Every structure is written in C-alpha cells, then in structure tokens.
Amino acid sequence: MVEFSMTHAWLVPLLPFLAFAVIVFLTRPWKMLSALVSVGAMAAGFVISAYAAYGVFTSHSLIEKSLEYSVRWFSMPGLNIDVGVKLDPTSAMMLFMVTLVASLIQIYSIGYMRGEKGFSTFFAYMSLFGASMLLLVISSNLLEMFVAWEGVGLCSYLLIGFYNHKISAREAAKKAFVTCRIADFGLLLGMLALQIIFGTLNITELGEKIANFELYTNAATLTLVAVLVFLGPIGKSGQFPLHVWLPDAMEGPTPVSALIHAATMVVAGVYLVGRMLFMFLEVPEAQQLVAVTGAFTALFAASIALTQREIKRILAYSTISQLGYMMLALGVGSLTASMFHLWTHAFFKALMFLAAGSVLTALHHKADIWEMGGLIKKMPVTGATFAVGGLAIAGIPPFAGFWSKDEILSLTLSGGHPVLFFMAALTAFLTAFYMWRLIFLAFFGKEKPENHPQESPPVMTVPLLILAFLSLVGGLVGTPWFPFWGEWIRFGEFHHAAPDYTVMILSVILGVIGIGLAYKMYVKDVSAEQRLAERFRPVYTLLYNKYYIDEIYMWFNHTLVDGAAKAMYLFDIYVVDGIFINGIGAITRDTGSALRVFQTGRLQNYALVFFLGVLAVAVILAITGPAPAGLVWGGVR
Amino acid sequence: MINSLSLSIGITHFLVLSSLLFGIGLFGALAKRNAVMVLICIELMLNAVNINLVAFNKFVTPLAFIGQIWAIFVITVAAAEVGVGLAIIIAIYRNRLSVELDDFDWLKW
Amino acid sequence: MDNIFSIAAFYLLGLVILGSAILVVMLKNLVHCVLWLAVTFIAVAGLYMLLDADFLAMVQILVYAGAVCIMMVFAVMLTQRKDMKSSSLFNAQFRSAGLVAFLTAALSAYLAMRTAWTSTVMPVPPRTAEAIATLMLTKYVVPFEVAALLLLVALIGAIILAKEVKADD
Amino acid sequence: MDFPILSIILLAPVAGVIFLLFIPKDEFKLIKSVAAIALGASFGLTVYTYFAYNQTAGGLQFVERYPWINDLGVTLFLGVDGLSLPMLLLVTMIGFAAVFASWNVSERPREFMILFMLLVVGVMGTFVAQDLFIFLLFYEVVVIPIYIMVIIWGSSKRVTKEYAGMKLTIYLLIGSAFLLVGVIAVFVRALIITGVPDFSFTGLAQVPFPVDFQIYMFALMLLGFGSLLSMWPFHSWSPDGYAGAPTAVSMIHAGVLKKIGGYGLIRIALYVLPAGAQFWAPFMAVLGVAGVAYAAFAALAQKDLKYVIGYSSVSHMGYVLLGIASLNVIGINGAVATMFGHGVMAALFFSTVGFIYEKTHSRWIPDFGGLSQQVPRLAVAFLLAGLASLGLPGLVTFVPEFTTFIGAFKVYGGLAVVAITGVILTALYILRAAANTMFGPKRAEWDHLVDIRGPEMVPLVVLGVFLVVFGLLPSLLMDMVNNGVAPLVAEISDVLQIGGRF
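Protein chains in written order, with my numbering: chain A, 1 to 637; chain B, 1 to 109; chain C, 1 to 169; chain D, 1 to 502.
Warning: the hint list may mix true and false statements.
As the list claims (entries may be wrong) - In silico contact screen, one side only, chain B against chain C (beta carbon under 8 Å); selected entries:
1) Leu21
2) Gln68
3) Val74
4) Thr76
5) Leu86
6) Ile88
7) Asp103
As the list claims (entries may be wrong) - Counterexamples of contact, computed for chain A against chain D with all Cβ distances above 12 Å:
8) Ala176
9) Met191
10) Gly416
These aren't lab readings, by the way, just hints derived from the structure by calculation.
If you're wondering where the values come from, they're calculated on a predicted model, not measured in any experiment.
Using N, Cα and C, we set each Cβ at its ideal position, and we do this for glycine too.
Using the sequences and the hints, build the whole thing.
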C-alpha cells in the first residue's frame, strides 16, 4: 500500500477531479449523494496521501532527491512540457495537510451548507478545488503548477461568487480573479523567461541549472526573473500591495474561506516560493524583497485587523498577516520555518474560520463582533475551540502556533535582520491583541438579548474538535528539542540550532501582553476602544479604511483603465471608422452620385453607348489588323 | 483603289448592302420610342446578318451549306425572339399601359 | 454574276430593300411601318433567290413576311390605343443614334470592301432543300433538335408571359 | 487515393444543398435536420481524418489531384497536413454546431441553411486546397453567402445590418484584391523564373524569388491576409460585422473565416516568400501587439455583448500575428494553435450570445443581470467561453497562448510583454461582462426565459468537449500543429539564416 501510494500519488488529485465530474454530470439532483462523493474522494485521497507521506517520511533518500515520474504533456522542438509528480517531504506534508483539512472542512460543510440551493454545485466546486490544489502540490513542472495555480484561482472565483446573486459577492469574486491575474502576469513572464533561458520548466532540472546559472545568464537577469516569479505569490498569497482581494473574498461561504482563503490556496504562493527557493537563494536582492514584503505585509495587515468589526474580515487580515510571516521565513532562507508555520497555520486558521462559521450560522449571518457577546455560554464547543485557535495564533506554548512563530522569529534574528525581527515581533504582539479582542468581544462579556445562539450539530463540531486537537499538538513535530520537522523538510543542510530561549520567552511575553491588553480593553473597560479611537482619530480612520488602498485602486481602475478604454473605443469609432473607413466610403459614394448622371436607366441609351464601344473596338482592330490590301469592289481576287 | 469596278456583282456588293441594312436597323433600334418598333428594327438587323450568311454560302462555301443552315437557325431564333419579345411587351403594356421606352427607366436605381 | 439580269435584279432589290427599310424607320404610323417591313422581307427573299437559296427564300417569306409581320400587327393592335398617326416617333437621342448607326454601317462597309475575300467559283447545287434537309438530319441533328426545343420553350414562355394575370392570384 | 475522403467532406454539404432545394420551404424541422446531417457527416469524417492522419509519416496526406487548367498549371489539388487539419476540424465542428445554434431561425430557414452550407464549403475548401488558384477560388465562394446572410438575417443595433454586411464584404473583397494582385504577380514571376506553370504551394515554394520582389509581394499579402485576420488598424469590420451578422455567420466568421488570414500568412506568404516575411516580421509584431492592447481596451468600453467578443477576437488575433512574426517553430505553432483555440472559444461565445439575444432581444449588458439564476446552462456556456477567452489553463486556449508567448518573447522581448498584458485586460473585460450579465440580483423581466435545451445544447456540448479535452490533453492539438509547422519552418529556415536576426 505504501509503495502503491507513492507511485500512484497522481490519484490524489485525480480522485477529487473525478468526483467533480461525477457530481456535475450525474449526481447533481441528489444532494447527499453529491456530498458523499465529494467527501469520499477527498477521504480516499487522504488515505493515499497518508500512506504516501508515511512512505516518504521513512525513506531518507527522498530528502535530497525527490521521487519523480512524469508523462509528456505536449512537446515541440525547443519546448517540452511534462506533467508529473514530484514527491518529497515538502509535497508529502502538503498532500497530507491539504487532504486532511479539506476532508474535515467538507464534512463540516455538509452541516454548514444544509438547505442551500446550490448544495451539489458547492461540493462540485470544492472537489474541483481539491483536485487543483493537490495537483499544485505534487507538480513536478512549473507550467503544470501554473495550470493548477489558475485552477485554484478559478475555484476561488467560483466559490467567492457562490452567492452571486449578491452584488458584493459577484464583485469580490471578480476582484479576486483580476487581482490574481495581475500577479500571474508576472509569474507567467517569469516562467517564459525561465523556459527561454534554461530551456526547461521542470523544477528539479531548474534547480540543477540555476545552481550554475552563470552558464546561462547573468545575475541581474536572474534577479529580474525571480522578482517576476515572486509577483505571482504576492497576488495569490495576498501580500502587500495585492492583498486587497483576500478580505473581500470572505463573501464566499465560510467553509470556502476556511479551506481556500486560509488553509490551502493562499499558501500556494508560499509553497511556490518554497519550491523555487533555490532560485531566490542565488539572488540575494530578490530574497531580500521576499523577506521585506513578508515582514511588511505581516505588520501592515495586523494593523488593519486591529480596527475591523466583521469577524471574517478580522480573520482574513490575520491570514494575510500570517502569510507575511511565512514569506518572511522564506526571505530569510528557511524553508523549514516557513513550511512549519504553513502547517500549523492551516490547522488553527481553518479551525477559527470554521468556528466563525458556526457562530455565523447561529447568529443568522450577523457578522459584527460588537453585536455578539457571551456566546461561549450557549456555544461551548465553538467558543472553546475558537479560543484554542486564538491561543495558537497568539503564540502561547504548547499550542502549534508558538513553535512555528518562534522558529521564524529566532531565525530572523539570527539571520541578521534586526529590523525585520522587530516588525515580526510587533506583529506577534498585535496578533495576540486583535485576535483576543475578537474572542473577548464575541464569546465573553455580556450576552446580547436579541441573539438566540445555538450550538451547531456534531457534523460541524466534530471537525472543529479534531482541528482544535491538531492546533494543540500540531507544533510538537518541530519543537527545538525534537526537530523532526527540520530534519525532513528543509532546503540545504540540516542545522540543528540550539533553542533560543530569549526569543522564546520574548514571544510568549508579547503574546501574553497582547491577550492581557485585550482583556483589559474589552472585558474590563469596554469603552476603552472608543476613547482610543477618539484620541487617535486620523490613525483609527486610516486603519479602519484599510489605508484607503481599495479606494486608490478603484480610482486607478475607474479613471485610468476605463478612461483608456473609453479613449480607445472613441478613437476606434471616430478616427479609424469615422475618418478612415467611412471617409473612404463617403468618397466612393460621392463619386458614385456624381457619376450617377450617366445612368439614365434607359435601355436604348445603354445600347447606344454599347455600340459606340463596339465601334471603337472595331476601329482599333481595323487599324491594328493586317494592312489593307486595297479596296476590292465587286470581286474576288 | 477600286481597281475592278466592273458591273459584275460580287460578295462585296452583298456585304455592303447588308451593312447598310444593318445600319438602318441599328438606327431604328436606338432611336425609336415604341418598343414594337425596336423589335421590328432588330428584325431588320437580323435580316442584314442573314444576307451576309447567304452571300458567304454562295461565294465561299457553296457546297457545305453552312451559311444557309446558319441562316435557318437565325430565323428560328428570331422567330422565338419575336414571340417572347412581343409577349414581354404585352405583359409590360398590361402593367404600365405604355410601350414607350422613354417611360421605362427602371434600370436606374 | 455577270448576267445583266442578275445585275439589274441586285440593284433593283437592293434599292427596294434599303428604301423600304428607311421607310420602316422613318414613318410615323406604326401600321405603315409594319407594312413596309413586309416589303423589306419580301425583297430580301428575292435577294436569296438571287443567291441560289430558294429554300431559304421560301422560309423567309413564310416566317418573316408571314408570321413575324402578322405577329407585329397583333402586337400593334394589342398595345396601341392612342393616336395611330404618331405611334412611331423618335426619341431624344436620335441624332447621336443616327451618327453611331451611320458610322457602324460605314465601317462595316469599308471593312467589307477592304478585305480581300477568297472565294470559289463553284456554283451552288440546284436542289438546296434536299441538301439542307440531309445535313439537318445528319450532321446538324443536335442543333436542329435544340432549335426545336428552343421554339417550344419560347412558345410556352410567350404564353406564360402574355397570359392574363388573374386578379386574385 | 483509394477513398477520396476530402472530396466527400467537401461535397457532403453540397449534397445537402441539392437535397434542400427539393424540400418544401416550410418543413422547418426537416430542413434543419438535413443541414445537420450533411454538416455532421463532414464533421464526423473530419474527426476520423484527424485521428487517421499518420503523424509519424507527416506531410500531405489524403491527397487528391485532378488536373484542371493545364495551361496555367492549375490542379484540383486537395490534401491535408498538420497545419490544415486543425483548421478543417474547426470549420466542420463549428459548422455543425452553428446549425444547432440557428435551430430557431424561422425566417426562410431553407435559404439560410443553403447559404450557410455553401459558406462552410467555401471555408473548408480554402483549408484543403493545396493549389493557390483553388485556394482563391474557394475564398471567393465565401464572400457572397456572408453578404446575403448578414443583410437578410442580421440585426441592426449600433450600426444597421446593411452597413455591417457592406463593411464585412468590402473588407473581404479588398483583402482578396490585394491578394489577387500578389498571387498573379507571384505566379507570373515564377513562370518567368522556372518556365513551368505551377500554382501549387509546394511548387511555388521551390522558386527562388529575388529578395526585393519578395518584400513587395509579402507586403501585398500581409495587407490582404492581415485585413482578413482583422490586423490592427484594418480591424474595424470585425466588431461591426459580428454584431450585425446572424449567430451562425458570426460563429463561422470569428471561428474560422478570419483564420484563413493567419493560415494564408503561414501557408502562402511565409512559405513562398520567406525573405519578405523576414523583412516585415517586426512590423507584423508591432501591429499584432498594437492590436492586442488596443482592442482589449476597446473591448473594456463596450456595453454590447457582441461588440465585447468582436473586439476580443481582434485582440486575440494580435497574438496570432505576433506568433507568426516570431518566425520560429514555437511561435508559429503557438499562432496556429491559438487560431484553433480561439475558434472553438469564439464559436461557443457567439452561439451563447446568440441564444441570449434570441431569447431576450437584447445584447445590451446593462439590460441584464443575474441571468445565471434563470438560464443556468447558458451561464455555464458563457462562463466556459469567457474563461477560455482569458486563457485559463486546462482549456484549449492556454497552451497555445503560452507557446505563442514563448516564441514571441524569445524574439521580441519587451514588445511581447506588452502583448502579454492582454491576459490581464482580457480577464478584466470578460469577467466584467460575465458579472454584469450572468451574476448579481436577478431581474423580474427575464423570469420568463427558458433555458437552452434539446438541440440548442449541441453547440455547448460539442464545442465544450473540444474546449476541455484539447485543453487537458494539449498534445492532441500541438503534436498535429507541430507536424505541419516544423517541416515548413525547416524548409524556410535556410533563408531566414542568411538574413540574420534583427
């Protein structure tokens, strides 16, 4: 079974794809059956992934040299593209994580989506998403990865716009797709450049060739290529300045937010940079850019999250912020820390989203946290699991988030980036604060009499409990004393750094202070935020309006893009068509009407002209014909 | 130039005669207002052509009879043409109550 | 054709043909035009006799002088309701038409005279009808049949064209 | 040459036309069934041919030769290779689908189908002809039915259908006029050089034309084929024409007819006049890029669905031009495959918009909203076509575009980048149109609409299957295209080598 799973890893994305096809073409009218097909395919994928992961994590040879097999997708002279499977610890971990989280979220969705009109469609999309995401994970080729990359983008579009009868959902979906498309433009250019320079898009081959890139190109070009490739992740993983779509994406159903916009799809960018880390490590400037973008995004998104009121928006900014951490980790050159945070984040963020979904269902989609309160009394499981997630993200040991965040912080410091470390540490503090602000406001404090919350059914709470358990223990695989994680998932040599207690204690203190401050402001003295907001009105407004970045983009879109469009169109109508085409037409027509005088419409007139022509031809023939032999009258010579 | 101006009648005489007849017919076809007259003048032109054919038959290929046979075909076609032509004129007349060609300028759009 | 009678006959017939043709064109009364047309046709038939085409001369009289002229008269009767005295007038372009017709005729005549015709001295066999009949049914049988078909088509066509259109159609 | 399959593909619709002549004009169902069967036969045989084509042998296959005008060296020379087979498949596929897209034509359906089948035959003929003369002959066959169909069955919106039909026809004719001059000059020059009259492509390609002659002739052909391909700035017939034309004509025209331009550029202009191509390639690239960006922006400003697609197709043809201008195997492969992909996509798009128009009598985007709730299948078709248009991987357009970009980026660098921005703009205008038409709150006035069903589903199914299958398995398409392009480019590469790079 282990052997089979490893050589048939392509089944993992294929099964959900087949589930998608089956649901679309066969089982759409039967809701429960569709859901079962979808969950079944994903669960089967999980089983295969688990076996494959077991296989990978027991064979040491795969750390240095991944298991690869492929088939030709298309080829022509000078361009051969394979699709294949690249199985190494990183992708095995991702396979395991994605199938696990996706299975849990799909099970949860059965409860969450109950009674929705597009129930089967939802599961079809979820399956398609699963297929694309898993293909992305096991891709051995950048183009193959790009196909999956766009596939997950498509599913994201479809699922954000799931309630497309709402204008906000429709616009959010469009925004997500177009924003990611802008980013993909860079990625596409980068891929084109890689293909042209190195003649391959196979990740392993690229790794070998880029290690000696001087043979093919110079460092400046490679830096440019790396920056272009990095554009893609900026969009997909919601990094500044292309993060704008992610908060809006919360228009989708909550399981979608949990699966796509927290646990899996948005980390695809991180994963891609991780896959291509060999390139970024060759060109320090590009690597620097990754680090700075990550750190800045982390801080920036956390600052926005401080003032938001909608529960899912806060979580979305938190996701952006955590993705910034992962990028930062990659930027300081650690695949290990980045993937570790990705792993733990998937559990606790999915957990929080699902818990938020549970809350939203209970409150009939009332999303403002100020209108909640005391929910933990009526919804103990949801509240408790959410709190577990909150502890994890705040970095309180022994929860999962502590270990991974700590590793990033200590690596940033030891990597010689004090400024970035400061930003990351500040973010850690802000994270603890805003997340517990949410928890205190929503789950503690006074109950609101107008709310009649009810605990969700087991089909929803069981996945919550499982995820809560994973959030609790998920980080134990990579503690500084037991570095199982770093031994397997790494780029380059394995260094076992000694535990850095300073950073560890600092990070715990920051987390505790953040939670304590939130407790003080939102449980003890509820009006504290009001007073702070009054005092720092401009800052508060700036943060509440997300630094006005959306407005700037809207302005850009409406004036520049639409203006250019209008200009081109008017040019087309009035210059190309108006002056040239219709001008030529008008000249022809006017000439025609001038010449119309000659057209009398009388047959005899035409016949007359016709005979004039005959005459002319005859005369010409008579003149140019054989010389006259003299006039002969009356006879034959 | 007219080197053999004898009284003898040759092919040229017939050809000149037919040319003149053709010219008269052409003049009529181009200049008459009445559609029936145009048809009549076309018949004149066809007769001129037939004279040519028969003359050629006589002076050039007397044994092959090509000219005469061709002339018969011309007469056949002419008969058909007169029949159809007159039918058209009658049909037009029924619609327009006129056979004056000056009234018909439908070719002008 | 050195025979004095032939020469005289040619010029006489030529005169009649041209004269009556001019009258056809110039007269203002349509009925008179048709009458002179018949004269032209008969004179042309005479010319055919002169050219040893006696069968053709008979056909000419039968078809042209007979059938065609009668049809013309019918057409005149069916279409002419106004004053018959000015039923055959010239149109506005008769001057230029005359010029073109004159030039065409002149050029044609000039070319006829200029060309050196090669011809035989062989006489036309006396029994033309027989020879034509033989050729028509052997060598030219296909055109002959096609001509027959043409006449049939023309017949039907003429009937359909000239048929009264019913009001309720 | 045992079984004249190409002739049968060509003649099946002709047989259909003859059969239709004997059917009473009010037997609507029968008329459309006959057309569907005739075009379906062609389609089926073409699919067979596509897969029966021996790729290892390559070259021209299923060849038929019937000498025609010996003095001019004209032979009725039919054959297909990797370049023409995808195009042939495209014509028959779209022709078949278009019959069903016109299933509800109730005004003179018999005449409609007769003209339509003649049109399809003409387009098919241009792709199977291997003789320049026959190629032009079929090309001219195309012009007349289009004009009549636009004038009679078209629709007047921003411009009248008469204007649209006139514009379309005159552009086609101007294109063919330039072409005719070029073709005659090439033939005569070839006759002077070789002394043997020969109109076949292969024959002409062997003739060593002088370089400056090639440059002039290529310019003529570029104008001719370019205006057919809606090359900027000779594109303005495309939006107006498609908007005015009935659905089936828009499908065939956008789907394949304009591809004759690209096909001709490769098969005739590039193959016969490589040195000329080399001279003009940078200009072609600039025009192509200008077309991509300009038309994409113009599409963004449109409010009429057919105009959106019309400008979008101009924009996509810019890629084709750019691919051809790259003058390497990859770029030209990409260009040909892009033509195929765009053909399938545009046909599906036009059929969808045609159905929307037929049901609502409107194409004005602000009139719509939330249609996906009333006509979900149409929404699926719309979205499928739209996503193909923006080059979503996994659909037939992605790999061709990617290939084109590689070919062009290699040669033109920065210029190609401008063209690649097209992928962003395309996403913008397609998704905008989709959002405003299909999504959002539903409107009460469209509650009565009936979704497509029965025969109306055929375009979606047939074209959708090709969109997805050829998208997921691009080697089905790319191997075939490469099979045709690679030898052609190999033949002219000597000339291109001598000329050097720009």
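Task: Leu21 (chain B) as chain C interface residue, shortest Cβ-Cβ below 8 Å - done: holds (6 Å)
Task: Minimum beta-carbon distance criterion (8 Å), Ile88 (chain B) to chain C - done: holds (6 Å)
- [ ] Answer holds if the nearest beta-carbon of chain C is closer than 8 Å to that of Asp103 (chain B); otherwise answer violated.
- [x] Since chain C brings no Cβ nearer than about 11 Å to Asp103 (chain B), farther than 8 Å, the hint is violated.
Open item on the list: Does Leu86 (chain B) hold up as a contact with chain C if the rule is Cβ-Cβ below 8 Å?
Closed with: Cβ of Leu86 (chain B) sits 5 Å from chain C, so the hint holds.
- [ ] Would you settle whether the hint for Val74 (chain B) is holds or violated, based on the nearest Cβ-Cβ distance to chain C being less than 8 Å?
- [x] It is violated, given that the least Cβ distance between Val74 (chain B) and chain C is near 10 Å, above 8 Å.
- [ ] Report holds if the minimum CB distance from Met191 (chain A) to chain D is greater than 12 Å, and violated otherwise.
- [x] violated (8 Å)
Open item on the list: Holds or violated: the hint that Gln68 (chain B) contacts chain C, with Cβ atoms closer than 8 Å.
Closed with: holds (5 Å)
Task: Satisfaction of the Thr76 (chain B) interface hint, Cβ to chain C closer than 8 Å - done: Holds. Min distance 5 Å.
Task: Separation of Ala176 (chain A) from chain D, once the least beta-carbon distance is taken, above 12 Å - done: Given a closest Cβ separation of 10 Å, the condition is violated.
Task: Status of the stated non-contact between Gly416 (chain A) and chain D (beta carbon gap over 12 Å) - done: Since the minimum Cβ distance to chain D is about 36 Å, Gly416 (chain A) lies beyond 12 Å and the statement holds.
In terms of the numbered hints stated before, the structure departs from hints 3, 7, 8 and 9, listed from lowest to highest.
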